[in-house]
Amino acid sequence: MVEKRKLASGLTTIQKTFVRSRNGGCMKIVREHYLRSDIPCYSQACNHCITNLKPDAQGNLPLLVLLDLPLKLKNGGQHYVVVDTNVVLQAIDLLENTECFYDVVVPQIVLEEVKNRSFPIYQRLRALVKAADKRFVVFHNEFHEETYITREKDESINDRNDRAVNRCAQWYNEHLAKYSSTKNPIKVILVCNDRNNRKRAIAEGIDARSLEDYIESLPNGDMLRDLIPTENESFEKNAAEIAYPEYYSTSRTMAGIKNGTLYQGVFNTSTYNILEGSVLTPAFKKPLLIVGTKNLNRAFNGDLVIVELLPKDKWREPSTTILEESSIGANDNADDNSQEDLVSDKERRMLALEAVKATIHQGEKKLQPTARVVSITRRSWRFYVGQIASSSVDNETSNASQTCFVILMDKVLPKIRIKTRKAKELLGQRIVVSVDAWPSNSKYPQGHFVRSLGAIETEGAEREALLIEHDVEYRPFSKAVLDCLPKEGENWKVPENLDNGDEQLKKRVDLRDKLVCSIDPPNCQDIDDALHAKPLPNGHYEVGVHIADVTHFVKPNTALDSEGASRGTSVYLVDKRIDMLPMLLGTNLCSLNPYVERFAFSVIWELDENAEIVDVKFMKSIIKSREAFSYEQAQLRIEDGSQNDELTQSIRILLKLSKKLKQKRMDAGALNLSSPEVKVHMDSETSDPGEVEVKKLLETNSLVEEFMLLANISVARKIYDAYPQTAMLRRHAAPPSTNFEALNEILRVRKPGMSISIESSKALADSLDRCVDPNDEYFNTLIRIMSTRCMMAAEYFSSSSYGYPDFRHYGLAVDIYTHFTSPIRRYCDVVAHRQLAGAIGYEMLDSQHRDKHKMELIVRNINKRHRNAQFAGRASIEYYVGQVMKNNESTQEGYVMKSFNNGIVVLVPKFGVEGMIKLEMLGDANSAAYDEEKYELSFTDFKGVSRTVGIFDKVQVAVKSVQDEVSGKRKVQLVLV
Amino acid sequence: MLLSPAERSYIYDSLCQKDPIRPDGRTPLQFRPLEATTDFLPGSNGSARIRIADGSECIVSVKSKVVLSEKEANLIEWDVDVSGYRDDSNFVSNLKFSLTDLYMKNFPCEKLKLTAKYSYKLFLDCIIVSHSSYPLTLATMASYLALKSTRLPLLVSEVDDSQVEEQPTFSDDWEKAQYLAEFFKTESFSPPLYITVGIVGENVFVDPSETEEQVLENGLLIGYSEKKCIAPITNLNLATNSNNSNFKGFTPALLISTVDLLKGHLSSIVDALDTLDKQDKEDRTQSIF
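From first to last, the protein sequence lines stand for chains F and R.
Residue 1 is where the first sequence starts when you use the UniProt record's numbering, and the numbers rise one by one after that.
Residue 1 is where the second sequence starts when you use the UniProt record's numbering, and the numbers rise one by one after that.
Note that these hints are calculated values from the structure, not bench results.
Be aware that one or more of the hints could be misleading.
[Stated by the list, open to error] Straight-line distance between alpha carbons at most 30 Å, and here's what the computed DSSO-like set of lysine-lysine pairs gives:
{"id": "1", "chain 1": "F", "residue 1": "Lys199", "chain 2": "F", "residue 2": "Lys419"}
{"id": "2", "chain 1": "F", "residue 1": "Lys4", "chain 2": "R", "residue 2": "Lys281"}
{"id": "3", "chain 1": "R", "residue 1": "Lys63", "chain 2": "F", "residue 2": "Lys4"}
{"id": "4", "chain 1": "F", "residue 1": "Lys6", "chain 2": "R", "residue 2": "Lys281"}
{"id": "5", "chain 1": "R", "residue 1": "Lys117", "chain 2": "F", "residue 2": "Lys28"}
{"id": "6", "chain 1": "R", "residue 1": "Lys65", "chain 2": "F", "residue 2": "Lys28"}
{"id": "7", "chain 1": "R", "residue 1": "Lys63", "chain 2": "F", "residue 2": "Lys153"}
{"id": "8", "chain 1": "F", "residue 1": "Lys115", "chain 2": "R", "residue 2": "Lys176"}
{"id": "9", "chain 1": "F", "residue 1": "Lys258", "chain 2": "R", "residue 2": "Lys121"}
{"id": "10", "chain 1": "R", "residue 1": "Lys263", "chain 2": "F", "residue 2": "Lys153"}
Whole structure, please, built from the sequences with the hints as guidance.
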């Protein structure tokens, strides 16, 4: 019943009928689809559409984007390009390239398909269309009377969409031939990487080319050729090297999840063993173990997978063996040859009960249920950085395309098979690849080359690699974002006349008379907080914390705001800072620089002698910082008895109060945890990393910290009071007892008499204090480091997600907390600022921060960004520590943190580095014995001396920096001496 | 339209004769002419509208739903709506009961099974837009056509889910949906019909008109399917709006002879409906091209 009905001139309607199957049901859906005849072709060369332009709902006429003088091909001929979905997905980088792809028609159906397949690429494509400088245009072929096509009988929806794209190209050809104002009508080229579709298109008389052919036919094709993602059409020769189990059908997995026999969760590869991973599902308290290639069944670290329990005789303990991708040869474990019997759901349910028991009770044997991956709901595939394995490159082959392996920087991922003609050139380079597929008969995933970042160990390449690996947006801010900044730029000043009719300015409190100063790390450029204190006549103190008023410049629903929201946080690398907000704000307008007037958001308390809050006020203000101290400078000034001016006095008051605050916090059970933080000193002229230093903490560090905590807590209470449903808060959950089980077990064996109690944060803090080894003062820190790793991560949340008791911040031992004090570098603080401004009646709170659902999205994103930023920062330090070691080999003290039956993990406190020493590096592998009960590894070293090392043992290690031959990653290598 | 005593007597006498004369000139086993269209409701799985010359009109729509077999007592559910009658009136509930009864006994419900665990359930919604004579023949003819035009989405997941549960999934292409005959894997899918029969003396008349109903001595409702008269067979007063003064009993022998008479004759009505359905389907496929 596919009939077109004419409704009015230029408007017809058609019926679309399809079946929607959802949750086991099915429904016949009928849609009226309206087709119009007034959609223009957007070409300036067309003299027909210009007569037929209709304004949109806002009354704007559509812009004719496509130039009448588009690019020419090598052999003459001007042309427009119609892109197919596969080209957009595979080569979005090339589309963004400024050397090619101008005057491009994106059919609506392509845009929709891209949106369904990959949202990030969809957004990049939308940005291209919006930016207009590359003359991309979306042609709404699905609503155009002449380009809409109906699905044919027995045609798959993909084939139908391919046909729609072809029809679109054909229509452009016909249309331009008919109405062109130029002498030679502009040609239309369909760029499509699907061979079959290309064949069909050519049969219909369309000039269809593969991406490669198209680039070759451009005048500057030679230069661009390198950037073409290799077509991944055939890897046939590798067929049938392995047979992974096929994934279950969606219908099977949906029903299985519903009746509780299959489980869904995020897959995490073990950091030490690439053939082992775990999936945490809501059904079980402990993660399910997944062991072996066949059971992992092509899952990537971070994929959302569906798993099925294995029979009980396959349950096992987590492995105590270190296994890395590089060390896996042909001997992928062959233990899974057992023929699979049909297991009924009933039996599966019985098994699940057993598994629940096993995860709750801690039996003598720590058997853990194992599972296998039966389906992958969502791939975590993104761009990966790696390098070509030299062993996989055939040097004989000249320039022909060859298949080779890319070893990824991320150790927990398998190598990726790509096809490239430039294998030889790319050797020794950091390259970006993208994964396309992992068929069940291929041992390794298949991907394609995206671009090269440069030679390994060059600073730029390594930095970019690190940013890509941690999904950090590092491209410069777009024009749309920069347009949101104040027009005055650097010359922006606080208005002199405060009564200039601006209602909001009138509400600001003038605090320029207060003796405000800031204390930050040396050379700090983005000063987002400043302080002041003064004694009050009643013996109390007035203390103020002033935070840069970022939200004055970052208004909601602007491009600047959405950019900040998506970046979520600034990222600090050793040699570079990736800003969340443009420089102008971060280091100038919003930075509370000394001697200039700035807008601020102030929290002013009245504190009594014991640092108890008597009163608190929040206000938008204007301040003028008197001085910007570094921690050391402030410390010196406090200690210098000769300095008795008012500013110094006020810092002393602050210090005194901060000590009391800290004591109170400690008494309440705040944790003093530890992580081996180091700082890399850069040579200021060559910016070569000089030396590594463990961070030192001064009293003034904690001075600032205490008042920031106090401000955060006060603000949290205020915004929760004002917006109980959507307040932006931060929580830190109590660690689950299971996390500490292993550590306590180790303590019981290795350090009798010591244990960590976890009933409350106070008990934990106290028990940590008791873990002291009189012979080894670092031992306590070591325990703290290990405890930190058992902790949950703190997270942002909106107050409707949890009940009040769960707001608790375990580490700080407070009932409610938020981030308010660094709006320049954290988006959470921006939201908190807006909510506080709303709470004090300064301005209306934007609806997105009053909407639970929208807040949920913001929170999820900033949690992810925050984590990534931390990892990126650590990775950057790790890289530079490796660089420093290159020139400074030495022997240092180290501590054993983990032991396996084929290696140990040692931490070197001096450099904050942690490294694995494998058994082959320790001594004779055959004579080694691992005592699991005692966590001890005994072996005969290369000198023939028999040795035993266990967890917590202090050892001497030689620290050197070596470059991993396989991954090209420089890392610190430890050797036991 | 109520008849006067004189009219009633005249019509009764003419129907009583050895060679009866029906007021509209039909032979005793002739149905009134009707017209029908099928599959005209886009949102339904199948539908039909049927009209006869006196203005009676009936619409039946069939919708399907996937259900867990063990949780459903009936895989066919009727809903009847008669204009001018309350939903809870005796008349409507009787019609609904008769239809449910007929289908429960004569519709191959077990074939609606989709997998070991799941079945299709059919919802038949019958709207009697207007009627003058007893509407069940009309309603079952409309549902006959509606079911003939009914299509069910094609299952693409596993059929055997007794051991390992699967959630049914279906092809998104409506063109792939199967007609019930295809789905049941039978050549001759023929939903049951009700035939109304009027008795006057020794004579029987199928499909009595409103006028005839008022003079009948008795009325019969006979199930019919695949060239056989089938249960349920009931007798009732077909004239709903008048006190039928002629109403009385009939001899059992008459019932047997009536069933015999109908058996040979009624296949023509099914053939006529099938032809109509076939033509409609052809028209539909043609309009695509």
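Outcome of the hint check:
1. At roughly 23 Å between alpha-carbon atoms, Lys199 of chain F and Lys419 of chain F fall within 30 Å of each other, so this suggested pair holds.
2. A hinted pair counts as satisfied when its Cα atoms are at most 30 Å apart, and Lys4 of chain F with Lys281 of chain R qualifies at roughly 19 Å.
3. For the proposed pair Lys63 of chain R and Lys4 of chain F, the alpha carbon gap of about 25 Å is at most 30 Å, so the pair holds.
4. A threshold of 30 Å between alpha carbons decides the hint, and for Lys6 of chain F with Lys281 of chain R the separation of about 24 Å falls inside it, so the pair holds.
5. Of the pairs offered as hints, the one joining Lys117 of chain R and Lys28 of chain F holds, with about 22 Å between alpha carbons and a cut-off of 30 Å not exceeded.
6. A hinted pair counts as satisfied when its Cα atoms are at most 30 Å apart, and Lys65 of chain R with Lys28 of chain F qualifies at roughly 10 Å.
7. A threshold of 30 Å between alpha carbons decides the hint, and for Lys63 of chain R with Lys153 of chain F the separation of about 23 Å falls inside it, so the pair holds.
8. Restraint check for Lys115 of chain F and Lys176 of chain R: the C-alpha separation of about 27 Å stays at or below 30 Å, so the hint holds.
9. The suggested pairing of Lys258 of chain F with Lys121 of chain R holds, with an alpha-carbon distance near 22 Å, which does not exceed 30 Å.
10. The suggested pairing of Lys263 of chain R with Lys153 of chain F is violated, with an alpha-carbon distance near 41 Å, which exceeds 30 Å.
Violated hints amount to a single one, hint 10; each of the other numbered hints is respected by the structure.
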